[in-house]
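Put together the whole structure using the sequences plus the hints.
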Amino acid sequence: MIIANGTPSKALTGIAGFDEITAGGLPQGRTTLLVGGPGSGKTIFGVQFLKYGAEACEQRGIFVAFEESPHRLIDNFKSFGWNLTELQDSKLFFLDAQPTPDLIQGGPFDLSGMLAALSSKIKKMGAVRIVFDALDIVLALLPDAAARRLEMNRLHQWLLKHELTALITAKAGGDDTSSGGQPFGFMQFMVDCSVVLNHRVDLGVSQRNLRVQKYRGSGFNEDESPFVIGKNGFDVAMARSLGRADAQVSSERVSSGVERLDTMLDGGYYRGASVLITGFPGTAKTTLSGAFAEACCRRGDRTMFVSFDSDGSEVVRNLTSVGIQLERYVQNGCLRMVSARTFTGSAETLLVHIKTLAKEHEALCVVIDPVSALAKSGNELTAHAVAERLVDWSKGAGVTLICTSLLDEISTDAQSRTPLQISTIADTWIHLNYLVQAGERNRGLSIVKSRGTAHSNQVRELILSKEGVTLADIFTAGGEVLMGTMRWEKESAARVANEVAEVAVKLKRVSLDAEEAVLKVRAKSIETELVAKKVERDLLIRTTESQKREVSGGRERMRELRGADMAEPESKVKAAKP
Amino acid sequence: MTNSEMFKFCLYVADDTLNSRQAVANLRALCDRYLAGRHEIELVDVFKDPDRAMDDRIFMTPTLVKLAPEPVERIVGSLSQTNLVLQVLGLEELVA
Chain V
3 MIIANGTPSK ALTGIAGFDE ITAGGLPQGR TTLLVGGPGS GKTIFGVQFL
53 KYGAEACEQR GIFVAFEESP HRLIDNFKSF GWNLTELQDS KLFFLDAQPT
103 PDLIQGGPFD LSGMLAALSS KIKKMGAVRI VFDALDIVLA LLPDAAARRL
153 EMNRLHQWLL KHELTALITA KAGGDDTSSG GQPFGFMQFM VDCSVVLNHR
203 VDLGVSQRNL RVQKYRGSGF NEDESPFVIG KNGFDVAMAR SLGRADAQVS
253 SERVSSGVER LDTMLDGGYY RGASVLITGF PGTAKTTLSG AFAEACCRRG
303 DRTMFVSFDS DGSEVVRNLT SVGIQLERYV QNGCLRMVSA RTFTGSAETL
353 LVHIKTLAKE HEALCVVIDP VSALAKSGNE LTAHAVAERL VDWSKGAGVT
403 LICTSLLDEI STDAQSRTPL QISTIADTWI HLNYLVQAGE RNRGLSIVKS
453 RGTAHSNQVR ELILSKEGVT LADIFTAGGE VLMGTMRWEK ESAARVANEV
503 AEVAVKLKRV SLDAEEAVLK VRAKSIETEL VAKKVERDLL IRTTESQKRE
553 VSGGRERMRE LRGADMAEPE SKVKAAKP
Chain S
337 MTNSEMFKFC LYVADDTLNS RQAVANLRAL CDRYLAGRHE IELVDVFKDP
387 DRAMDDRIFM TPTLVKLAPE PVERIVGSLS QTNLVLQVLG LEELVA
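Protein chains in written order, with our numbering: chain V, 3 to 580; chain S, 337 to 432.
Hints listed in this document are in silico derivations from the structure and should not be mistaken for laboratory results.
Given the structure is predicted, the values throughout are model-derived calculations rather than measurements.
Check each hint, because a few of them may be wrong.
Facing chain V, from chain S, some residues (calculated, C-beta under 8 Å) [what the hints assert, rightly or not]: (1) Leu-371; (2) Gly-373; (3) His-375; (4) Ala-389; (5) Arg-393; (6) Thr-397; (7) Pro-398; (8) Arg-410; (9) Ile-411; (10) Ser-416; (11) Leu-420; (12) Val-421.
For the chain S half of the interface with chain V, some residues (derived, Cβ under 8 Å), not all of them [what the hints assert, rightly or not]: (13) Tyr-348; (14) Phe-383; (15) Phe-395; (16) Thr-399; (17) Val-401; (18) Val-412; (19) Ser-414; (20) Gln-417.
Don't be surprised by glycine CBs; every beta carbon is placed ideally from N, CA and C.
The following block contains the structure:
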């Protein structure tokens, strides 16, 4: 993109995206030519330009309608919520300049009459913007190229004289808009700015593009930019403009709706993050995003759930079966279910729809299920850009975005690519997978990436039940990953084995206790025996001593009685002693 | 239609541009030839009276409006195609 400095002053159009492409709008006081096929949005562009001028820029305008009657136009634009009647006459004047169908031409004529009438009107209301809608209609009445050229020149001179910011719309002849066949070829050179609208159908899907062809004295984005005619008029899709300040980054965490997943993510998703949930059909992507939506609503965050697969009420009903109750939030207005199945059109159109609805709902959290539906409804190339812009938009708006994406079942290397390559721009990527084992399919959940958060490297089994969504550790044994019944079997086998082991230990303890008791008893009896022996011995000693005493006492008594001398029998006693 | 009916015309012109001058001349010649004594012509210069042009929804000049007799008809251009003009004015029988 080229943005020149010191460009001539510009008149904002109020058309989202267009003012960015042209760095400020249409050239002020100059003429712009808007060429496009039927139904390409020329009139809308013109009216939006005038309306914005009248409402936001204090620039009054005149709309010269060659093709449609003003009150029909005003009626039609009510569908955009534009109340033009309010502006009419004082700020915005509609001139019905349709040639009457019974117009009879009796020779050459010119447009001086109209220009004279307009001059007077401009003076009276102080208009500075003017749109000539479908100038080709009136030019077609002129007999030859020379006359057309003359009238275009007259118009041009008149516009320059009045220094009006003018927009002339004209139908493109055929599909070749770039070369600009006569009579617009001449006009292309005359004007200061030229914009081409084109409306083509790719693979049955309508795709509108806008391209600025020339802009004297100003830089502009030269590429074709997709645009849509949305609920509120023109919306030109723009990649994020370079000058835009980065969106505020939040470090607040929001719950994913599954407690253990929050733990795995070290606290949940970041607010304002873009989360991608990929998986094969039926891997519970919707359920996981439903759990998120419920958690958001419980917190009180306004949430929008866009479903491309089924109706909003169906999603609500289906989620009830896994314990996710969204009905009450739909009723209290916190949650808006959007069935995008009825949306038609290119990816661009869908994006604009989603953006508009989210804005209307003031959504803080948006779920898009699945985002891969974007690729189906348009060609894949634009869908990719759209996915990028979706993420860009959500970041800019601070919206927490959950996108689910279907993976191709036959794609073996599922983790490496997602249909829209959105995986590279998403902040958190959760992958759901099937593990087919022993005649069962079980859901596995893993976090492929999560920017800026510590996250678990573990694969968990995702279990859906009436009570809700839970994660279970998977059973790893001997290098085998087990889920579902096999996990349960293994777990119960382990439980049984555990119990057996516990019982065995108990038994062992009991028997040891018993042995100990026996030993203790034995020890007691031995001790008792010991005591008895001691007593016996003591007794023995005592009796022996008393005997001895008795014996010696008796001997002395005998000696006394015998009256024998003391000295002589001493040796005999000694010898008898041992 | 009787030959005594009065024709009322209003011719809107843009100053003295070529087309407008031709229209005035052509109308005068036609009236003098076919409607002698039973016509009225009002000339409106849109540059002098632009609001009139706006009100009467005259955007192409010159424009001839036949106000009477009914119906009201409009012819745009210099009126150089006399036969066509006569047809529109309901004067076919005068076409030679």
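Going through the hints against the structure:
A cut of 8 Å between beta carbons decides the hint on Leu-371/S: the least distance to chain V is about 16 Å, and the hint is violated. Interface restraint check for Gly-373/S: the shortest CB-CB distance to chain V comes to about 23 Å, outside 8 Å, so the restraint is violated. Residue-level restraint check for His-375/S is violated (minimum Cβ-Cβ distance to chain V is 17 Å; threshold 8 Å). Below 8 Å, beta-carbon pairs count as interface contacts, and Ala-389/S has one with chain V at about 4 Å; its hint therefore holds.
Given hint, Arg-393/S at the interface with chain V, holds; its Cβ is 7 Å from that chain's nearest Cβ, closer than 8 Å. For Thr-397/S, the interface hint holds, since its Cβ comes within 8 Å of a Cβ in chain V; the closest pair sits about 4 Å apart. For Pro-398/S, the shortest C-beta to C-beta distance to chain V is roughly 6 Å, which falls under 8 Å, so the interface hint holds. This hint holds: Arg-410/S has a C-beta 7 Å from the nearest C-beta of chain V, less than the 8 Å allowed.
Hint status for Ile-411/S: holds, given a least beta-carbon distance of 4 Å to chain V, under 8 Å. Annotation: Ser-416/S was flagged as interfacial toward chain V, and the flag holds, the nearest CB pair being 4 Å apart, inside 8 Å. The beta carbon of Leu-420/S is positioned within 8 Å of a beta carbon in chain V (closest approach about 5 Å), and the interface hint is therefore held. With 8 Å as the threshold, the beta carbon of Val-421/S comes within range of chain V, its nearest partner Cβ sitting at about 5 Å, so the hint holds.
Interface hint status for Tyr-348/S: upheld, as the beta-carbon distance to the closest one in chain V is roughly 6 Å, under 8 Å. At a threshold of 8 Å, the smallest CB-CB gap from Phe-383/S to chain V is about 5 Å, leaving the interface hint in force. Hint status for Phe-395/S: holds, given a least beta-carbon distance of 4 Å to chain V, under 8 Å. For Thr-399/S, the shortest C-beta to C-beta distance to chain V is roughly 7 Å, which falls under 8 Å, so the interface hint holds.
The criterion of a C-beta within 8 Å of any C-beta in chain V is not met by Val-401/S, whose closest approach is roughly 11 Å, and the hint is violated. At about 5 Å, the closest approach between the beta carbon of Val-412/S and any beta carbon in chain V falls short of 8 Å, and the interface hint on this residue holds. Because the beta carbon of Ser-414/S sits about 4 Å from the nearest beta carbon in chain V, less than 8 Å, this interface hint is met. Against a cut-off of 8 Å between C-beta atoms, the interface hint on Gln-417/S holds, since the closest Cβ of chain V lies about 5 Å away.
Checked against the numbered hints given earlier, this structure breaks hints 1, 2, 3 and 17; the rest are met.
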